[in-house]
Each structure stands twice: as structure tokens, then as C-alpha cells.
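Here the protein sequences line up with chains A and B, keeping their order. Using my numbering, you'd call the opening residue of the first sequence number 1 and step up by one each time. Using my numbering, you'd call the opening residue of the second sequence number 1 and step up by one each time.
Heads up, none of these hints are tricks.
Within a straight-line C-alpha distance of at most 30 Å, the following computed DSBU-like cross-link-like pairs (lysine-lysine) qualify:
| hint | chain 1 | residue 1 | chain 2 | residue 2 |
| --- | --- | --- | --- | --- |
| 1 | B | K446 | A | K22 |
| 2 | B | K305 | A | K22 |
| 3 | B | K446 | A | K53 |
| 4 | A | K20 | B | K305 |
| 5 | A | K22 | B | K293 |
| 6 | A | K147 | A | K35 |
| 7 | B | K446 | A | K20 |
| 8 | B | K305 | A | K51 |
| 9 | B | K286 | A | K20 |
| 10 | A | K22 | B | K258 |
| 11 | B | K104 | B | K409 |
| 12 | B | K305 | A | K23 |
| 13 | A | K100 | B | K465 |
| 14 | A | K23 | B | K286 |
| 15 | B | K350 | A | K147 |
| 16 | B | K286 | A | K53 |
| 17 | A | K100 | B | K350 |
| 18 | B | K286 | A | K22 |
| 19 | B | K305 | A | K53 |
| 20 | A | K100 | A | K158 |
| 21 | A | K23 | B | K293 |
| 22 | B | K446 | A | K51 |
| 23 | B | K258 | B | K305 |
| 24 | A | K23 | B | K446 |
| 25 | A | K35 | B | K286 |
| 26 | A | K51 | B | K286 |
| 27 | B | K293 | A | K53 |
| 28 | B | K258 | A | K20 |
| 29 | B | K258 | A | K23 |
Only some residues are given here: those of chain B computed to face chain A with a beta carbon under 7 Å:
| hint | residue |
| --- | --- |
| 30 | R287 |
| 31 | G353 |
| 32 | V420 |
Non-contacting residues of chain A with respect to chain B, defined by C-beta distances greater than 12 Å in every case (computed):
| hint | residue |
| --- | --- |
| 33 | L9 |
| 34 | S10 |
| 35 | S18 |
| 36 | E46 |
| 37 | T50 |
| 38 | D76 |
| 39 | L102 |
| 40 | L103 |
These are calculated hints, taken from the structure and not from any lab test. Beta carbons are placed, not taken as given, at the ideal position from N, Cα and C, and that holds for glycine.
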Amino acid sequence: MQIELSSPLSSVENIIDSLKNKKGSLLPILHAIQKEVGYIAPQAIERIATKLKQTPAEIHGVISFYHQFRIAPPSDYQIQICRAEACQSRGSRQLEEHAKDLLNIDYHEMTNDKKFSLDSVYCLGNCATGPNIRVNDDLHGRISNEKFEQIIANLNSKSK
Amino acid sequence: MKIFIPRESTAISLGAHDVAQAFTDYSSQHNIDISIIRNGSRGLYWLEPMIEVETPQGRMAYGPVESADVASIIEDITNNILHEKQPAHSLALGLTENIPYLKKQTRITFARTGIIDPISLADYLALDGFKGLQKSLELSTQEIVTTIVDSGLRGRGGAAFPTGIKWQTVRDATAEQKYIVCNADEGDSGTFADKLVMECDPFMLIEGMIIAGLAVGADQGYIYLRSEYLIADEILQQAIEIAYEAGYLGNNICNSGKTFNLEVRLGAEAYICGEETALLESIEGKRGLVRFKPPLPALEGLFGKPTIVNNVLSLAAVPFIMSEGSHSYQQYGTNRSRGTLPFQLAGNVKQGGLIELPFGSSLKDLIDEFSGGTASERPIKAVQVGGPLGAYLPTNKLDIPLDYEAFSKASAVLGHGGIVVFDDSVDMLEQARFSMEFCVVESCGKCTPCRIGSTRGVEVIDRIKNDERRAENMALLNDLCDTMVDGSLCAMGSMTPIPVRSAFTDFPQDFYLTTQVNNHD
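The shape of chain A in the complex, shown without the other chains (with noise of 0.2 Å):
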């Protein structure tokens, strides 16, 4: 376990150091931390709050505040489906559900192996144009259900 960490650690311990000295630094600390390692594990919020002398349990609860910031790694395609207003009137409704069905998950869910996950979000920007999806950063417009089962299907043929 300690070998396994070491390297991310020691990035996290860089990551750290960059940034320390910017006023506000704990939320780019974590974007970074996030995009380095894919989350942040409860060894990097013991580095983190050394660093900026806070407690752990004020890194904490800043990383749960946000719907953003994980402390357990992520599946290797996290979807998002946008649940907003404007994109409910364009049919994301029944998106979301045809979604639930192909993947067998719910939301907040990853299925068993690891390849997907399912999240709501609230709102992409892409409102004249849903229903909208996200997939990992990018994001895709005018999501009809055939059109979300053939992103599943590309990205289940390719191999992470």
C-alpha cells in the first residue's frame, strides 16, 4: 500500500508546494490534485492540511461541499447527464432513464467493472441543444437515446 502511494504522493506533495503560497490555494490544490491523480485520497488531505495549517476535517469539509471533488478513484468514463430545465424540456427526462436501464446503474452508481459511472448534472451551458451528456470533459449535444447507446457502445470497444 505505502509503495503503491508513493508516487501519487509525491506529486500531491508538488502539487502542493506549487500552489501553497497563492491566496485562496485550497481549490486549484485540488483541481490539481484531482486532474493529477483522479481524486483525492485521505493521505493527500493529511498533506494538505499540514501544508496550509488547517485541519483535516476543514479539507474535508471544503471537498464535500463540492459535488466536483471525489476522495475515492473514478470509474474510466464518468457520464453525466444534465437533469436542467432546458434540457428536461428537450426529452432528458426519458434520456435519463433509457441511460439507467443500458448501464444497469442508478445515479451516484459505477458499474461492477469500473468502466462507467452515472452522475446528474446541472446544467453544461448547452441549452439550446439537449438533451446534453458529458463524458469525462467532453460534452456532447443533442443526445437522442440511439445516439447516447452508440457513445456507450464506441467506448465499450475501445480498451483504457
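Fit chain B to the known structure of chain A by using the hints.
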């Protein structure tokens, strides 16, 4: 052959990168010289990806384009457009400037959008860029503030507070350090105008922030950007770097000896951080909890210092006002709503997009003239204006003028100008339930009526739906709305009742009511 293909996020979400690649591939396979410019979007979203080709008469557009259309479009350009003949392709739209959707608009803030390469400083300068800054550098701080006051500009984020008065307060405050914060946490459903500014004309926002800094004596700016806007982040970062290199940012702006530094800070998926005090907490590295007011952020804002917090569109309007004078902006609009508002037409419409118009025309006219009808071709049932905290308007109330005061009078919200159209398949009880559910998910938790009341709201609406003591639960829901309005610090808790109430007041049949509910307010 010069082809313009947007690098804007909606266009990309619909395949603009693939289309650009198809042009590049075709060009190398057929040995045709094609230069590709990645411009912004014109905001005619139903036509995206919309590509344009440069001609002596102006740009000609095609859209919506898929990769598979590229070969036939190039043929059409080669066979017709380059021989000064009319395009014959089924996706051809003619001269972009003549597309009625664009032609009917008054584009002031969005004058350059989709025309320029967003990170080309030369493009920006060629179309009046940094003219407002140059003028401002010749003025006293009070003269800049007075120009903004006289323009009648009001906060475009939703609250519509006069921008000039906010600037005056910060200017008059005495402090070693002041800040300019741009609220780019555009989280309202149905809005994308901020995103368009940042992705298609980022120097305009940068210029507006520098002018704000000069006006109030602030040398540090932050753009608090929602992290969902990755492409806006990428483009802003590039533009900021270019602005530093060219001497528009840094320690000696345009050799004036003045300093302004600018940084983008990312949010982390929290709607509440669009509320200005929660936003400040977030930049400070804390949970995005709403602060008590007073003190006003103008006096004790970021890190306890006097701070301007302005929406992207407010700051983006500043360069035009400074360059053309307050009257050129103030002449547009109606009553106390001066200038233009970039409306965002979204949801179930055929032709969604950005529509910049002077305040004052009616909502109905806007929808009739621009939407092309519903995408589903079913009749409209409700229109939600002003984001998730705005009222749902029934079809008999669409005649309302687009003006801040007219909306307030109708217990509705003009807000950031987002317009979301729903057809008759929408169930308004479900929409009211969603408003409460959204509040459960996004409440910061500080005020009990918002944090707990929203959960109770979902439960009460479920009981109404399931016909459990329906009349009593309707009364309870109305009471709960009162409690949320009276007992919440910010708009999240105090405005969630607006869409809920509009749903049961104007669509009583969806709540199984035979008579209208008598609102307390």
C-alpha cells in the same frame, strides 16, 4: 479558400472538431489549399456546427454540417461560390449577415462574436478592441465611474443592481487593496451568454475588468469560472497570456504605469457559488456558504477588502460604453432597463440561440420571431424565464415586456435573460417538484428554510401528487413557500418558491385543483 469553423463548446459538442478534421483531410487528399480559422460561434445554435467561407461579398454559411457533408460543401464552394454563383448545397445559408435571426438583432456586446478568432489580438484590435481602455486611461477614476453610472448599465447576473453605483462605492472606499471579481459561474439553466463571451470574445471581458480596476483602484482581478466550462477556461487562459505579453495586463498597462493582474479561478460544481458572497468564500478556499449582508462586498468583500463583483455580461458591456460614450448605450432600452440584453432562447424550440436586443420588446414577440416554433411541433405550455429560480409563465402571460420592472411586477424574473420553452407534454407538478429537489441538492445549508424546507417541499408535492389530503397539503406548500421567502438569506431559498408558486398558480390543473390557490403575497 478560407474556412471558418467554430471552436466554441456547443459547436464542438455537435462535432465541430470532426468537421475541421474532415476539411484538413480533404485539403491534403485533393491538394486544395484550404486555410481553416477556428472562430467563435455566432450563437445560431440550431445551425451548429455552422461553417463559413470567405467571399468578396462577405462570409457565406453552411449548417448544420457533419463530417460527411464536407466533400460536397467544398464542391459547392469550388463550383459555385468561387465563380460568383449562388451556392446550391442543401445546407447553404447564404450570406451570414443576411440570416434573419442575426439581422433582426442589435449586437453591441456580441458585435464581434463569431466573426473573430477569439485569441487573435489583431482581430480584436481591428474591430475596436481596447478602444474603451485607451479612452479610460485618459480619464480620472471618477470620470470612468460617472460614465458607467450615466450609461444606466445594471448588473446582468440577475439582480439588476446599478453597476455604476457599485463601482462608486468601491471607488470611494479607502483600502490598501481592492479586487475586481468577475462572476462567471453561469449556472442557470437556459443561459449561455457568459460562455459565448468567454469563448468567442475573451479580450472584451479582460478589457472590461481592466477598466473596472482603473476606475476603483484595484490591481487584482479574478474570474470565478464554473468548472463545467472547460473550453472557456482554455480560451481565457490563452487570451490572458496574450494580454500579458502585449502589455495590456501586468505592471505597466499600455505604458501608463498602472497595474492590473488577472487570474482565472475554477469553481467545482456548486450552483450556490453563483451567489456573490458564496463565490467570494469559494475563492478564499472555503465551503461556498452564503455570507450575511451587510457588510456589502463593495466594502468588505474578497479577503475582507472592497470588491466589485460583476457578472460577465456587465463587465463585457463596459468597453463599448467607454469607447462610444454612455449615451450610445443608454439610448437603447426602455424605462429603467437601459441598453441591450443578450437573451438566450433555449429548450424546446426549433431555433435556439443568442438574441441580443434592446430591452422592451415583448417575450411573446421574441419567441414568435425567433424560435421557429417548438422543436417537437407541439403547442407551447410554459416558458421559464430567468433560470431555475424564475417563474413559469403560461401562454396567456407571454405578452410581458422584457424589462426588469415589468417582470418583477408580474412576480417573475428576467434575471440573466435565459428563456426556456416547454411544450404541452410538460407536467408542471413535476417541474415544481424539480425546483424543490434542485434546492435540496444545491442549497449551501446555512439557512434552515432552504436546507430543510426544500426537502419538505419535495415530500409535500409528492403527497399532493398521490392525493394524500390534497387540500391540506396545498395549504402547507403555500405556507412553506412563505417560510422559505422570509427565512432565507439569499436567492436560493427565497426564490425557489417563485417557480413553485407559478406552477400551482398558473397551472392548477396539474395540481388537480379546480380553483386557483390564493397566494399570501
